[in-house]
Amino acid sequence: MNGFDSEWETTQNGQTGPILEIGTQVGRCISRVRWLHAGETFIPDALATEFFLVSTYGEDSNTVSLWKLNAIETGYENKFKTTCLHKANLAGNITGITVLDGDNFALTTSLGIMSVFKISHKHVGLDSMEPSGFSLVDTRSLHSFSGRMPAPATDIVATDPTSVVTVGEDGSIYEYSIKTKEIVRSFEKADPLSISVVSSIGRSEIVTGNGGGQVKLWDLRSSSNQPVVVLCPNVLLNNLAGAVSIAQYPSQSHVLFVGYQSGCMDLWDIRRGTGCQPAANLVSEASTGGAIGEIQFHRINEDHFFTCNQLGSISHWFPSEDDDVEMLQRNLDNFEHLNIEFLRRGLSYLDMYSSPLAINSLSISPNDRILCGGDSGVAYITDISGV
Amino acid sequence: MEVETKSNYGKVILDYGPSGLVIASVNKDSNSTASVNKDSNSTELRVLHALHLADNPFIKHFMISSSEIFCKLQEEANKLFPNTVPQSTVASYSRKYRGILRELVASFEEARDSSSASLYYNLEFVWHFCEIMFISSNPELPVLPYYSEWIHLNFDDSKVVVSHLEDELSEMDSENAKKMWGVIFKLVFHGKTKEAASYLSHMNPTNSPVVEEQIASMSELMRKRPVYHPTLHSVTNYERAWSAWKEEVELRMSHRIFFGHEELLFICKIMLGDDAAFENAKDKIDSWYEYLGMTLTYKYPTARPGSLKGHAKLVIEEFGFHDPANMVPMERVLLEAMDYNIVSVLRDMQLHWNYPWFTLHFADLVYCNGRFSSLKDIELESSSVGLLRDEFILDHGTTLMQHATMWQVGVRYLESIPDRGGWPVIKECIQRKKALTDFDTHKIISVAERFGFSGEIHGICRERALMKLKQGQKQDALLWSIKAGDGPLTTHILDILLVDGTCDIEQSLLESLRNALPCADRLLFLTGFCDFRKMMDRKDLRGAVSQLCHLIKENLIPTRMADKIALNIQHFKDRNTTFEDWQVSTLMEFLHTRVNPSEVGDDMFQKLNSVLLCNRAEGIVKSLNSAKIKLVK
Chain C
1 MNGFDSEWET TQNGQTGPIL EIGTQVGRCI SRVRWLHAGE TFIPDALATE
51 FFLVSTYGED SNTVSLWKLN AIETGYENKF KTTCLHKANL AGNITGITVL
101 DGDNFALTTS LGIMSVFKIS HKHVGLDSME PSGFSLVDTR SLHSFSGRMP
151 APATDIVATD PTSVVTVGED GSIYEYSIKT KEIVRSFEKA DPLSISVVSS
201 IGRSEIVTGN GGGQVKLWDL RSSSNQPVVV LCPNVLLNNL AGAVSIAQYP
251 SQSHVLFVGY QSGCMDLWDI RRGTGCQPAA NLVSEASTGG AIGEIQFHRI
301 NEDHFFTCNQ LGSISHWFPS EDDDVEMLQR NLDNFEHLNI EFLRRGLSYL
351 DMYSSPLAIN SLSISPNDRI LCGGDSGVAY ITDISGV
Chain E
1001 MEVETKSNYG KVILDYGPSG LVIASVNKDS NSTASVNKDS NSTELRVLHA
1051 LHLADNPFIK HFMISSSEIF CKLQEEANKL FPNTVPQSTV ASYSRKYRGI
1101 LRELVASFEE ARDSSSASLY YNLEFVWHFC EIMFISSNPE LPVLPYYSEW
1151 IHLNFDDSKV VVSHLEDELS EMDSENAKKM WGVIFKLVFH GKTKEAASYL
1201 SHMNPTNSPV VEEQIASMSE LMRKRPVYHP TLHSVTNYER AWSAWKEEVE
1251 LRMSHRIFFG HEELLFICKI MLGDDAAFEN AKDKIDSWYE YLGMTLTYKY
1301 PTARPGSLKG HAKLVIEEFG FHDPANMVPM ERVLLEAMDY NIVSVLRDMQ
1351 LHWNYPWFTL HFADLVYCNG RFSSLKDIEL ESSSVGLLRD EFILDHGTTL
1401 MQHATMWQVG VRYLESIPDR GGWPVIKECI QRKKALTDFD THKIISVAER
1451 FGFSGEIHGI CRERALMKLK QGQKQDALLW SIKAGDGPLT THILDILLVD
1501 GTCDIEQSLL ESLRNALPCA DRLLFLTGFC DFRKMMDRKD LRGAVSQLCH
1551 LIKENLIPTR MADKIALNIQ HFKDRNTTFE DWQVSTLMEF LHTRVNPSEV
1601 GDDMFQKLNS VLLCNRAEGI VKSLNSAKIK LVK
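Residue numbers (this note's numbering), protein chains in the order written: chain C, 1 to 387; chain E, 1001 to 1633.
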């Protein structure tokens, strides 16, 4: 693959901070980045070999590529190398990627298509295998407007290793079984507004965010096409900005962080049901600005989370040390029952990285690495083991 | 950041053809008189098109990296305004640009695209020289340190040759010895006498004690040669040291220390600036600028930048490379730079390169430094640089704005033009951007918001609303029309929704409608109806009935909605809740005058009627009972 086999070497001297710049030969706007997890790792390993996916958008035909990150020299100064193992071209923008397990991943495109890929492995050493490439195993055209015009599928999430849920601008939700290659459940045009993001909060429950800023909880087992819970943002604060990112608090699955187009974030307790107020608001003046692309919590230290935004920042959010810093507007009736440190102490943030162009996606690996990519066409990996 | 070249390609001559820029590759080992293939069918020729450049991933990364450097420099310049950016800072930014140029060359080399690698290699070559003349060097101090570095970076192949001969250094045959001597000579020509001295120890294959002594003596001379550094030495002290060293070389020459050793004698004569040795050296040198470097090193080590042109002319005549009138463009640019003619340099680079990357970024560096405006003894059209810079930015920025994925980079350039000069272009281009998805639309809007282009934002939202309408997404269309602030369009979409009859509009949309547009009957009805629905959801029947009666009384309910609205009456059946007389009367009148029984169905109509009658009856019974109680009391 001329131009895609680049290998970059950079040095890590053990300090927290950018360790590599990779994928410069991607050369296209990056829409999504995702680590390929090959099972849980409980003890982060700073020298672990890892694999990740990068998808692009902006051209008529875009790519999804599989990359390998590995240490090539260890010692006082560690050196890492990244290699592109395989790439595939697809029509349309790639809008979402989800990794099902170490063997499969699925993605969605702006043509309303969901595709499933199987990862191939090769032997490394005597008894271990590692990813070496991928191949297309299934593709379905799912989302369409009335009149059969393809509707952009906007996001995809895996609810378990064999099922994915896709959402789109047609307001439809589809649960698809990778095993049986069938649509298991569909909510046709269930949301009158475009759905921009979906997150799984259990095997049979998902939450979606739409263009009007609403967050809805859906029960995939229910025969009703109505959402179980509908959370409406404060229109005066949010001014009809769409909900574009959702993250579930790691140890309290009923707590959701929602990022909006306006750069605001709300923290919701979904147990409070339809019509409740958020437990806390992070207003745009206090935030880093620009639509929040993705929100990811730290795997172990759940009071720390990371965001990327359209102004090109990767921010690390953490409980405030400074009493004078007030980033959150807390709804005093709604948060005291939530055992969340930054709700008590307040929230601060630190810009870890700044790019002149938008950063659209980030992903955190079990080995405490944060991977991000955006419109500069460059993917960055930073070590966050110091968190 | 300095990055050493990994290899030297043949020099690429930039030439101007009838249809645009043409490029020809020249073999490094070819005759020193460059031969340019002007055959338009030749595979060596290529025309550059600016837009297509950004489709190459290497170029894209290069352009984004250069935009980052550019933006950082603008930030720095803005912070220091009205002062200019210090020379050292501007020089460091210039080196960053060169760094990414070399990175680009390396990428093309790795991809085996030698013509592109050569192209950018030569661009960096010219840039580096211009950096020396316009940025790094001080017109009142010797230029040699910078010039030598430039020559050595671009013409040094010692490491490559030595790496091939590494295993044979201790026992070289005559051919390899010749190659090594070639390396040593080159290093001497470039003024890198210390490095040359380090290789001399390998040049005694016979282990002759006489040769050993000669080599030791020469190494000592080479190492002792004073090298000027602008921050470490004064010119006077350097000249003194230089004269002393020259005398020592002459002394050793006169003592015939190197007698019998042809190569060492040659080196000694070069170091003395001997004309005959210089004449012999021409065979070993590829270009007149390399020869000029040697001339400066050993004859005029304290030459100022302003005297370069004079020396260059003499060298060119002596060297006999070119008739100055027929010089290739790159060399003309070098001579114009020696003249401090920044405008001519920019003009020629723009003419030959046909793409403003060089001119834009270099003009910007010179502009930020503002150095030449204070120098009185150099005539320079410095006032033109700022204007040229703005023009180049406009050109480059506009080109980028047309690209599908690079347009955001274009915005960053255009916003740096003073007095918002680039804003009209940004505005114009944003309006023409095609957005196929909500995600793309929001990207465009976020850029428009940064500049406060509210008209354009409304236009984009309106386009989106119309597209959603076409796609059958009515409520989505309503959302976008509200964002557009387009009253007529919003009303039109509301009409469509009302015709559909469901009135089942998302809560957040309804909330926004209250504040979105000036009062209109449809909006008043919808917002009133929204309140009615909320009360019904809360089981606040009294409030809901009151609200419905208000809508009826104010005549806000559209005729076509009356039947559907009336169906809500069936939910008013509640023994515990009796309504006011006037409310029941209002509802009854509404039912009998506005509702079509055939539309709702006769059974339903009767049911609705009976709900109201029952409620009325309950009310009468309650009031009679309370009257009875009073009488009893």
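What the hints contain is simulated information worked out from the structure, not anything from laboratory work. Just so it is clear, the structure is predicted and the values come from calculations on it, not from any experiment. One thing to keep in mind: the hints can contain errors.
Said to hold, decoys possible - Label pairs and their calculated CB-CB ranges: (1) C:Ser186 to E:Gly1455: 37 to 47 Å; (2) E:His1458 to C:Thr274: 29 to 39 Å; (3) E:Asp1286 to C:Asp103: 31 to 41 Å; (4) C:Val228 to E:Gly1099: 50 to 60 Å; (5) C:Leu338 to E:Arg1594: 28 to 38 Å.
We put the beta carbon where it would ideally sit given N, CA and C, even for glycine.
We went through each hint and held it up to the structure:
1. C:Ser186 to E:Gly1455: 37 to 47 Å: Given about 41 Å between the Cβ atoms, the range holds.
2. E:His1458 to C:Thr274: 29 to 39 Å: Since the Cβ atoms of histidine 1458 of chain E and threonine 274 of chain C sit about 32 Å apart, the hinted range of 29 to 39 Å holds.
3. E:Asp1286 to C:Asp103: 31 to 41 Å: violated, 58 Å
4. C:Val228 to E:Gly1099: 50 to 60 Å: holds, 56 Å
5. C:Leu338 to E:Arg1594: 28 to 38 Å: For arginine 1594 of chain E against leucine 338 of chain C, whose Cβ atoms are near 50 Å apart, the range 28 to 38 Å is violated.
Hint compliance for this structure: hints 3, 5 are broken, all remaining hints hold.
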